[in-house]
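Undergrad: These are the residues of each chain, in order.
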Amino acid sequence: MNLRSATIAELRAHLDQRKLSAVELTDYYFERIDRHEPTINAYVTQLRETARSAAVKADKIIAAGQATALTGIPIAEKDLFCIEGTKTTSGSKMLADFEAPYTATVSEKLANAGAVTLGKTNMDEFAMGSSNESSYFGPVKNPWDTSRVPGGSSGGSAAAVAAGLCVASTGTDTGGSIRQPAALCGLTGLKPTYGRVSRWGMIAFASSLDQAGPMTRSAKDAAIMLEHMAGFDPRDSTCLTEAVPRYSQHLDQPIKGLRIGVCEAFFETALDATVATQIREALSILESLGATLIDVSLPHMTASLGAYYVIAPAECSANLARFDGIRYGYRCEDPQNLQDLYTRSRGEGFGQEVKKRILVGTFALSAGYYDAFYGRAQKVRRLIKQDFVEAFSQVDVIAGPTTPTPAFGLGEKAKNSVDMYLQDVFTIAASLAGVPAMSIPAGLVSGLPIGLQLIGNYLDEATLLNVAHQFQQTTDWHTLTAPEAP
Amino acid sequence: MPTQIDEKTLSQMSTLAALPVEPSQEQQTLAALNEVLDLVAMLESVDVDGVLPLAHPLERYQQLSADAVTEHVDREALSRNAPDFEAGLYFVPKVIE
Numbered sequence: 002m003n004l005r006s007a008t009i010a011e012l013r014a015h016l017d018q019r020k021l022s023a024v025e026l027t028d029y030y031f032e033r034i035d036r037h038e039p040t041i042n043a044y045v046t047q048l049r050e051t052a053r054s055a056a057v058k059a060d061k062i063i064a065a066g067q068a069t070a071l072t073g074i075p076i077a078e079k080d081l082f083c084i085e086g087t088k089t090t091s092g093s094k095m096l097a098d099f100e101a102p103y104t105a106t107v108s109e110k111l112a113n114a115g116a117v118t119l120g121k122t123n124m125d126e127f128a129m130g131s132s133n134e135s136s137y138f139g140p141v142k143n144p145w146d147t148s149r150v151p152g153g154s155s156g157g158s159a160a161a162v163a164a165g166l167c168v169a170s171t172g173t174d175t176g177g178s179i180r181q182p183a184a185l186c187g188l189t190g191l192k193p194t195y196g197r198v199s200r201w202g203m204i205a206f207a208s209s210l211d212q213a214g215p216m217t218r219s220a221k222d223a224a225i226m227l228e229h230m231a232g233f234d235p236r237d238s239t240c241l242t243e244a245v246p247r248y249s250q251h252l253d254q255p256i257k258g259l260r261i262g263v264c265e266a267f268f269e270t271a272l273d274a275t276v277a278t279q280i281r282e283a284l285s286i287l288e289s290l291g292a293t294l295i296d297v298s299l300p301h302m303t304a305s306l307g308a309y310y311v312i313a314p315a316e317c318s319a320n321l322a323r324f325d326g327i328r329y330g331y332r333c334e335d336p337q338n339l340q341d342l343y344t345r346s347r348g349e350g351f352g353q354e355v356k357k358r359i360l361v362g363t364f365a366l367s368a369g370y371y372d373a374f375y376g377r378a379q380k381v382r383r384l385i386k387q388d389f390v391e392a393f394s395q396v397d398v399i400a401g402p403t404t405p406t407p408a409f410g411l412g413e414k415a416k417n418s419v420d421m422y423l424q425d426v427f428t429i430a431a432s433l434a435g436v437p438a439m440s441i442p443a444g445l446v447s448g449l450p451i452g453l454q455l456i457g458n459y460l461d462e463a464t465l466l467n468v469a470h471q472f473q474q475t476t477d478w479h480t481l482t483a484p485e486a487p
Numbered sequence: 012m013p014t015q016i017d018e019k020t021l022s023q024m025s026t027l028a029a030l031p032v033e034p035s036q037e038q039q040t041l042a043a044l045n046e047v048l049d050l051v052a053m054l055e056s057v058d059v060d061g062v063l064p065l066a067h068p069l070e071r072y073q074q075l076s077a078d079a080v081t082e083h084v085d086r087e088a089l090s091r092n093a094p095d096f097e098a099g100l101y102f103v104p105k106v107i108e
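So the protein lines, in turn, are chains A and B. The first sequence begins at 2 in the working numbering and counts up one residue at a time. The second sequence begins at 12 in the working numbering and counts up one residue at a time.
Simulated from the structure, these hints should not be mistaken for lab results. Nothing here was measured: the structure is a model prediction, and the numbers come from that model. Treat the hints with caution; some may be incorrect.
To be verified - Coverage of chain B stretches by chain A, computed from C-beta distances (three or more under 8 Å per stretch; other residues unrestricted): (1) 14-28; (2) 43-55; (3) 66-72; (4) 75-89; (5) 99-108.
To be verified - Taking lysine-lysine pairs in the DSS-like style, the calculated list, with each CA pair at most 27 Å apart, reads: (6) A:Lys-416 with B:Lys-19; (7) A:Lys-58 with A:Lys-110; (8) B:Lys-19 with A:Lys-357; (9) A:Lys-110 with A:Lys-88; (10) A:Lys-110 with A:Lys-61; (11) A:Lys-416 with A:Lys-94; (12) A:Lys-58 with A:Lys-88; (13) A:Lys-110 with B:Lys-105; (14) A:Lys-61 with A:Lys-94.
Glycine included, every Cβ here is placed at the ideal spot set by N, Cα and C.
Work out the full structure: start from the sequences and follow the hints.
TA: Below is the structure:
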């Protein structure tokens, strides 16, 4: 077995059969981190001591025959999940020295399952971005081509898995921040139904959209991760109470007869022709597995980008009001008075993209503009939701591209933010509607990975994972590994 | 739907958001914000007459919990991240002259 590209499922067998210990596996990954991290920059913080302790504990649990699917598996966590006593920065100067006083529910669940957290991954500042270039800790490089971006905002989480610097990782997705980097780095990434996974202990960006999910090397691994991450949490009042299926037990069902919706609008806007060809090929593979392709219409999808860039900034302007330079976070030097303390701390602590979105959100929520912007965007959001409800009365899953293009060059879209926002043109609608969606590897274009997006009905992650797994039984795109970084 | 922010509105937003915009950055900031508003203008073409706003994607009510103490806040742990904290107090510049 090649440890660099091994999946959770493969490693489980080796760990349980004692062909490998959790400590050896952890050491292996830290050796790789030592070698490749200077190029990739996937991690903000490495947790060597706690990882080693967790690995020692995992080996004892494995020896006692009490291992879960994740015991001893080295993972990485996006640096917006609070882990008690650990630096948690959200990619920002504002929180560069913030040490979390408690642990996020997701992180607690994964740790309780025995996963070994190697470190906290780099990300766009406060999860606002699609390239990981807005991080205070420098850009992350795409392991497939280090002159290109890994996507964002969960760029470090994606690059860490793709470069073989961990086995799986956690990400968060507000408008595409799991699916887009998964597509650009050749991974499987899943954004669950809004509320499926607790947001408690996640540093908030846009609370009605944020959702955590796994980034992995296969659909089976995503199923394993998700069944350990999901579930009701009384500490998050928006968390759903529905029982969490054992996703990994539902992967082998044939997809014969499954109705897969294809929305032609996905192929008409901004989609690179070569990517389109590859996605059509992926759809024909699903058809060859017995699925039926059915045309569906999502008439308001074209307005989703507009609705998102009102709603997300509005919520971020409210969420980020908490950073005042007093209770935690960056404080400016020698404040002259209280107002000076607030404004200079925020002005110096936030980066350009974050400041821009706060100002847009403040405008959209302000008196005189609220109805025209925020109110209208929330109405369009309902229309987008209704489109999905209508579509899912006809089909089981909707399939299409995840991104318009493969990974773009570092700095290429830095000057035109709308160009950057268009990266999420295919992912945002599912976020606004709150339906689950995932990206799976669907081929290479000019040597770079692209993703097939699968969108599911509310709470039906199981069908998404089933379709993804069946696709991966027929294709080997998910097994391809990025070249070794220098 | 107004689609452009001018200097006066930017100044108001800067005050409301407690985010300074340096005079040298004003035109650049205006251009960046108006670029976003140009994108958002696509919402104007959608007919929303009679449509209710959607706040929660699943239209669920938030979970309520019993009015009981379930965890204790560790004040010491929470205050450790404060830039200036002493004797149980957060320090700020003098407010009353």
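Undergrad: Now tell me, hint by hint, if it's right for this structure.
TA: Verification of the hints:
1. 14-28: Coverage by chain A holds here, the residue count being 8 at a Cβ distance below 8 Å.
2. 43-55: holds (count 11)
3. 66-72: That given contact holds, which follows from 5 residues of the region 66-72 of chain B lying within Cβ reach (below 8 Å) of chain A.
4. 75-89: holds (count 6)
5. 99-108: Coverage by chain A holds for the region 99-108 of chain B (5 residues, Cβ < 8 Å).
6. A:Lys-416 with B:Lys-19: Since the Cα atoms of A:Lys-416 and B:Lys-19 sit roughly 25 Å apart, the hinted pair holds (cutoff 27 Å).
7. A:Lys-58 with A:Lys-110: Holds, because 16 Å separates the two Cα atoms, which is no more than 27 Å.
8. B:Lys-19 with A:Lys-357: 16 Å, holds
9. A:Lys-110 with A:Lys-88: 19 Å, holds
10. A:Lys-110 with A:Lys-61: 19 Å, holds
11. A:Lys-416 with A:Lys-94: 22 Å, holds
12. A:Lys-58 with A:Lys-88: Roughly 23 Å separates the two Cα atoms, so the pair holds.
13. A:Lys-110 with B:Lys-105: Status violated; Cα separation ~44 Å.
14. A:Lys-61 with A:Lys-94: 39 Å, violated
Consistency with the previously given hints fails for numbers 13 and 14, ordered from lowest to highest.
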